[in-house]
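K.L.:
Here is how the chains run, residue by residue.
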Amino acid sequence: MVTVLPERDREAEARAAALERQLAEVQREIAVHRPRAEKDGAEADVLRALEARAAELREALMQMPIAWNAVALARHPQRPKAQEFLAALIDDFTELHGDRLFRDDPAIAAGVGWCEGRPVVAIAPYKGKDTRENIAHNFGMPYPEGYRKALRVMKLAEKFGYPVLSIVDTPAAFPGDAAEERGQAEAIARNIQEMTRLRTPILVVITGEGGSGGALAIAVGDVVLMLENAIYTVIPPEGCAAILWRDATRAREAAAALRLTAADLAALEIVDEIVPEPRGGAHMDPDRAFATVRDALRRHLTALDAIPIDDLVRRRYDKYRRMGYYEERP
Amino acid sequence: MLNWLRRPKYGSIERRDTPAGLWTKCPKCGALITTKELERNLKVCPKCGFHHRLTAEERLAVTLDENSFEETDAHLISGDPLRFEGYPEKLAEAHEKSGNPDAAIVGFGTIEGYRTAIGALDFPFMGGSMGSVVGEKITRIAERAVEAHLPLVVFSASGGARMQEGALSLMQLAKTSAAIARLHDARLPYLSVMCDPTTGGVTASFAFLGDVILAEPGALIGFAGRRVIEQTIRRKLPDNFQAAEFCLEHGLIDMVVPRPELRATLARLLRFFGAPRVAATPPIATAGPAEATSTAVTATAGSEDV
Numbered sequence: 001m002v003t004v005l006p007e008r009d010r011e012a013e014a015r016a017a018a019l020e021r022q023l024a025e026v027q028r029e030i031a032v033h034r035p036r037a038e039k040d041g042a043e044a045d046v047l048r049a050l051e052a053r054a055a056e057l058r059e060a061l062m063q064m065p066i067a068w069n070a071v072a073l074a075r076h077p078q079r080p081k082a083q084e085f086l087a088a089l090i091d092d093f094t095e096l097h098g099d100r101l102f103r104d105d106p107a108i109a110a111g112v113g114w115c116e117g118r119p120v121v122a123i124a125p126y127k128g129k130d131t132r133e134n135i136a137h138n139f140g141m142p143y144p145e146g147y148r149k150a151l152r153v154m155k156l157a158e159k160f161g162y163p164v165l166s167i168v169d170t171p172a173a174f175p176g177d178a179a180e181e182r183g184q185a186e187a188i189a190r191n192i193q194e195m196t197r198l199r200t201p202i203l204v205v206i207t208g209e210g211g212s213g214g215a216l217a218i219a220v221g222d223v224v225l226m227l228e229n230a231i232y233t234v235i236p237p238e239g240c241a242a243i244l245w246r247d248a249t250r251a252r253e254a255a256a257a258l259r260l261t262a263a264d265l266a267a268l269e270i271v272d273e274i275v276p277e278p279r280g281g282a283h284m285d286p287d288r289a290f291a292t293v294r295d296a297l298r299r300h301l302t303a304l305d306a307i308p309i310d311d312l313v314r315r316r317y318d319k320y321r322r323m324g325y326y327e328e329r330p
Numbered sequence: 001m002l003n004w005l006r007r008p009k010y011g012s013i014e015r016r017d018t019p020a021g022l023w024t025k026c027p028k029c030g031a032l033i034t035t036k037e038l039e040r041n042l043k044v045c046p047k048c049g050f051h052h053r054l055t056a057e058e059r060l061a062v063t064l065d066e067n068s069f070e071e072t073d074a075h076l077i078s079g080d081p082l083r084f085e086g087y088p089e090k091l092a093e094a095h096e097k098s099g100n101p102d103a104a105i106v107g108f109g110t111i112e113g114y115r116t117a118i119g120a121l122d123f124p125f126m127g128g129s130m131g132s133v134v135g136e137k138i139t140r141i142a143e144r145a146v147e148a149h150l151p152l153v154v155f156s157a158s159g160g161a162r163m164q165e166g167a168l169s170l171m172q173l174a175k176t177s178a179a180i181a182r183l184h185d186a187r188l189p190y191l192s193v194m195c196d197p198t199t200g201g202v203t204a205s206f207a208f209l210g211d212v213i214l215a216e217p218g219a220l221i222g223f224a225g226r227r228v229i230e231q232t233i234r235r236k237l238p239d240n241f242q243a244a245e246f247c248l249e250h251g252l253i254d255m256v257v258p259r260p261e262l263r264a265t266l267a268r269l270l271r272f273f274g275a276p277r278v279a280a281t282p283p284i285a286t287a288g289p290a291e292a293t294s295t296a297v298t299a300t301a302g303s304e305d306v
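Chains as they are written, first to last, in the working numbering: chain A, 1 to 330; chain B, 1 to 306.
There's no promise every hint is true.
Pulled a few chain A residues facing chain B out of the computed Cβ check, cut under 7 Å [to be verified]: (1) L265; (2) E269; (3) E273; (4) Y325.
Cβ-to-Cβ under 8 Å is the rule here; a few derived chain A residues that face chain B [said to hold, decoys possible]: (5) H97; (6) A257; (7) V313; (8) Y317.
Have a look at the derived ranges for each label pair, beta carbon to beta carbon [what the hints assert, rightly or not]: (9) B:T34 / A:D104: 55 to 61 Å; (10) A:H97 / B:N67: 54 to 60 Å; (11) A:E20 / B:R83: 21 to 27 Å.
Read the hints as simulated data drawn from the structure, not as lab findings. Here a beta-carbon is modelled for each residue, glycine too, at the ideal position from N, C-alpha and C.
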């Protein structure tokens, strides 16, 4: 069982909040000065100074050890999407479609391919790069049929003894009426249960957002890797703030309270390894981010090869069996 | 997991709110019923059939044979692994209000003489939310059921995962689902009963993994909260959305069973799936000849090593 996490760095949180306020102030000034500078060039140097100051503050803020930085990076529009990780990590990917029950869910992709020279079955929720794509992929929020498609290909992996590689970046299971009618809860529960006893290795990489049950439904594994700036949480910080303080704008505080960063999750023994990102986040140098993940996967694939399947499944059970924190008093 | 925060249209634990506790007003039809009569009627309104929520103790009391319950793992209590602001105070308050150490009670008992492992979530305790203790208790009772070769019956009533334990709460979905899988692998029956309300992480784990899934009339059952869905789809949802009857119609559960028939229904299913029969309401010490019974008692006694 895990130990209690150390106290949050509230001083850093307070300093970050102060920087945040200063930045907002500078941005207000920029908004005042920009039209004048653009009109006749007057005050151009004032504007330049303000913009330099804003960049400085932004940089300083990014350096702060606060949970919100991870939230911002995990959701960054330029952050490499799961499909880009998939393309970089899997050769000769053949996508397979549909759950054989209802339809093909475009929010989640599944298929077969080669990873580091081995046959693997891969799963990845798709987010779009722009609004049109995002709508097409439902913002990476799967319906039950998406989870059922994922389970179908996991069973395929089990049949042939191929490892499953699940790349996780989803804000949530889609909260819609049709999703409820078709058994969103059942689909998630089924996947979680089957993944705890699937007789083939499962590797999980959380690359962006690990949104609650909707993420866990494709994230139970022998090895769970998490990118340095990815997040994994039981509830979005906005939802948590709305419940705790009836104020969704206090999401930053909620993000800190929820302990959703890779470092926190490693300390809680929920993820097995943190994959470092290029400075400033994976989007600053996607190829390097892919290469780092690839190296980690190679290492773990080899290590998992050596474990007899009965041991592997037993170990997986024991790993999840230990998760939690409670006290026993007679 | 937002559901339980939205104050339901109807009250639940009315007893303490009514003058002197002698009368209870039905939140659905408005009828005034003496609390005694309501309790005699298993807290189902005799006028309109509205099912008042039951606490975990009440649930076990109306389900199990008298004096047959042996509680296990009663000594598990929540810690504060995240140092989440206000959580220890919330726990203390919930303990004060419900009298329970956390939101689940588990153990062994008999239903019309059929011996089974059993668990009930306690909605008054922080909305029946599942943190490490609830997850651990459900896991342990599933494991004990396997050891004792007994069926498992779980009554759910929960808003979902407990936010204050963060991702550790989320992992309870995996832990409990894995334990239920072992029950299935051991070919033991697992009956899941969804009571009002059963939502969020509890539905996305053990509640929806039953061999047979039962629900009480009118129980709210669903993964996402109504308000979140309405905001997402920008439409009002029909009143019966996510009601037990709605779930039955959509093929998500096996049956909706009124509370007065629940005990007999469970007994019938337990009998069908081969639960060991002991005398109808036996004192536990002299419980019948069934081998499984003595195994169960042994397993209970050796509870520390799970």
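K.L.:
Evaluate each hint against the coordinates.
P.N.:
Hints, one by one, checked against the model:
Annotation: interface hint on L265 of chain A holds; nearest CB of chain B at approximately 6 Å, less than 7 Å. A least Cβ separation of about 9 Å between E269 of chain A and chain B goes past the 7 Å threshold, and the interface hint is therefore violated. Proximity of E273 of chain A to chain B is violated relative to the hint, the smallest CB-CB distance being about 16 Å (cut-off 7 Å). The restraint placing Y325 of chain A at the interface with chain B holds, with a minimum CB-CB distance near 4 Å, inside the 7 Å limit.
This hint is violated: H97 of chain A has a C-beta 24 Å from the nearest C-beta of chain B, more than the 8 Å allowed. A distance limit of 8 Å between C-beta atoms decides the matter here; for A257 of chain A the minimum to chain B is near 6 Å, and the interface restraint holds. For V313 of chain A, the interface hint is violated, the least distance from its beta-carbon to any beta-carbon of chain B being 10 Å, above 8 Å. For Y317 of chain A, the interface hint holds, the least distance from its beta-carbon to any beta-carbon of chain B being 5 Å, beneath 8 Å.
Judged by the Cβ atoms, the range 55 to 61 Å given for T34 of chain B and D104 of chain A holds: they are separated by roughly 58 Å. Between H97 of chain A and N67 of chain B, the C-beta spacing of about 57 Å keeps the proposed range 54 to 60 Å intact. Between E20 of chain A and R83 of chain B the beta carbon distance is about 23 Å. The supplied range of 21 to 27 Å therefore holds.
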